[in-house]
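**Student:** Residue strings, one per chain:
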Amino acid sequence: MVCELWKTRLDTYLDGELASEEMRDFDSHVHSCPTCGADALARVQMKRSIQAVGKRFTPSPEFRKRVQRRIEAKPRRGAFGIAWMTAAAVMAVLVVGGLATTYRARDRARTEQVFSEVADLHVGMLASSAPVDVVSTDRHTVKPWFQGRIPFAFDLPELQNSEFSLLGGRMTYLAQTPGAHLVYSVRKHRISVLVFQEGSLRARLDENAPAKKELTFNLETWSHGGLRYFVIGDASVIDVHNLAELLKRAAA
Amino acid sequence: MSGVDPQSGSFEELAMPLFDPLYNFAHWLTRNRDEAEDLVQETYFKALKGFSSFQLGSNFRAWMYRILRNTFLTSFAGLKATTTLSLDDVDDEERPELAVEFVTPETILMDRSNADLIEREIDELPVHFREVLLLCEVEEMSYQEIAETLSVPIGTVMSRLSRARKRLRDGLRQRMCEGSRMEQPPVKNGMNYGL
Chain P
22 MVCELWKTRL DTYLDGELAS EEMRDFDSHV HSCPTCGADA LARVQMKRSI QAVGKRFTPS
82 PEFRKRVQRR IEAKPRRGAF GIAWMTAAAV MAVLVVGGLA TTYRARDRAR TEQVFSEVAD
142 LHVGMLASSA PVDVVSTDRH TVKPWFQGRI PFAFDLPELQ NSEFSLLGGR MTYLAQTPGA
202 HLVYSVRKHR ISVLVFQEGS LRARLDENAP AKKELTFNLE TWSHGGLRYF VIGDASVIDV
262 HNLAELLKRA AA
Chain U
39 MSGVDPQSGS FEELAMPLFD PLYNFAHWLT RNRDEAEDLV QETYFKALKG FSSFQLGSNF
99 RAWMYRILRN TFLTSFAGLK ATTTLSLDDV DDEERPELAV EFVTPETILM DRSNADLIER
159 EIDELPVHFR EVLLLCEVEE MSYQEIAETL SVPIGTVMSR LSRARKRLRD GLRQRMCEGS
219 RMEQPPVKNG MNYGL
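Protein sequence lines correspond, in order, to chains P and U. Numbers 22 to 273, taken from my numbering, label the letters of the first sequence in order. Numbers 39 to 233, taken from my numbering, label the letters of the second sequence in order.
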């Protein structure tokens, strides 16, 4: 019966997708249990066979050359090309002026949408019976939990001598982008810290935006090292700002 | 290839090393050399056109595979492949497979002459199972990278992968049954296949 439980995750183990602690547990079990060891060996054989069979199609050299010729860097343009490009540039300036207003309005709408979704994620966490998937006040436990679950790494602040405590973390999604959702507490309030890859979010968020209100929550956001951070909660604007500063210092 | 900086090289420098694996993947999707060539060619043109908008810090390989897959899905062959799913494939697609049986068909794969069995089984998988299996086993992408490529959550990747593997094993078991009925060798190399 115990082995049945191991077997449900055997493929994930062989894909190297378990957390490092689980990998170690699996390693020792597979080495000590002949049934699971044999099963693991058979599945490794299957993986190797699929890999060998799966690499069977190769492009012809002619096809490769044809595509390569089409995508390689174009030669410099002649005088006619330069004159044409100048005229095109003048036209572009006129058109861009007209479009700028439209884009600004669209950017504003996207930004509002992102803030609204961030507030939804915070409310979702507050309403959940299991607000965090990794329950720990230790940043050295919470941070490694995200390894392999999200496509980036981030630093968490040391909270000794501060009012804040780390409660844990969970994976989350914003605009179909995976990210980290960390939960902190300050007095009786819970604050969400959300971290995403900046490039994945389509909204253009103001770098120096001051703390703002979103659905009566206080929210602060900034970008650092290709990551976009959001701090949101019903704590005071000073608390939200102080936690944001701690995170900024940890990431610096 | 993960996290490639597009500024660090030209499109050609970044994209051409992916040419062979992309072509291989395209051939598995289309099952046809001409269609695979068309698909790869279109993928490279689209990617070149959109390269300036490729976002810094994103995964270039996943981006290329995503373009190829989206191009396939909107092609005639892709529409045909995705609209012929059985209800069984769709109804419980997102349900994780909890019970994995102890299966033995893997053992026959130690014999290289049986490679065509697995090739046929992969070929017969529905496209959404075939692609996830190939991206994991052949391209050795992480679940995260597959999720980015297919634009689905990691849970869906795990569920599809589990179901694809189960189908493959079941299919192999069935072929072994048929083979053993014809050839009458219930035990091979002293191993019982448990059929």
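Hints should not be assumed to be uniformly reliable.
Going by beta-carbon spacing under 8 angstroms, a handful of chain U positions derived as facing chain P [as the list claims (entries may be wrong)]:
1. Met-54
2. Ser-91
3. Gly-95
4. Ile-160
Just so you know, these hints were derived from the structure itself, not from any lab. Computed from a predicted model, the values in this text were never measured in an experiment. For every residue, glycine included, the Cβ atom is placed at its ideal position computed from N, Cα and C.
**Student:** Is the interface hint satisfied for Ser-91 of chain U? The criterion is a beta-carbon contact with chain P at less than 8 angstroms.
**Tutor:** Violated. Min distance 11 angstroms.
**Student:** Holds or violated: Ile-160 of chain U as interface residue toward chain P, Cβ cutoff 8 angstroms?
**Tutor:** Given a least distance of 7 angstroms, the restraint on Ile-160 of chain U holds.
**Student:** Min Cβ distance, Gly-95 of chain U to chain P: is it shorter than 8 angstroms?
**Tutor:** Where the cut-off is 8 angstroms and the nearest Cβ of chain P is about 5 angstroms from Gly-95 of chain U, the hint holds.
**Student:** Against chain P, run the beta carbon of Met-54 of chain U and see if the smallest gap drops under 8 angstroms.
**Tutor:** holds (6 angstroms)
Consistency with the previously given hints fails for number 2 only.
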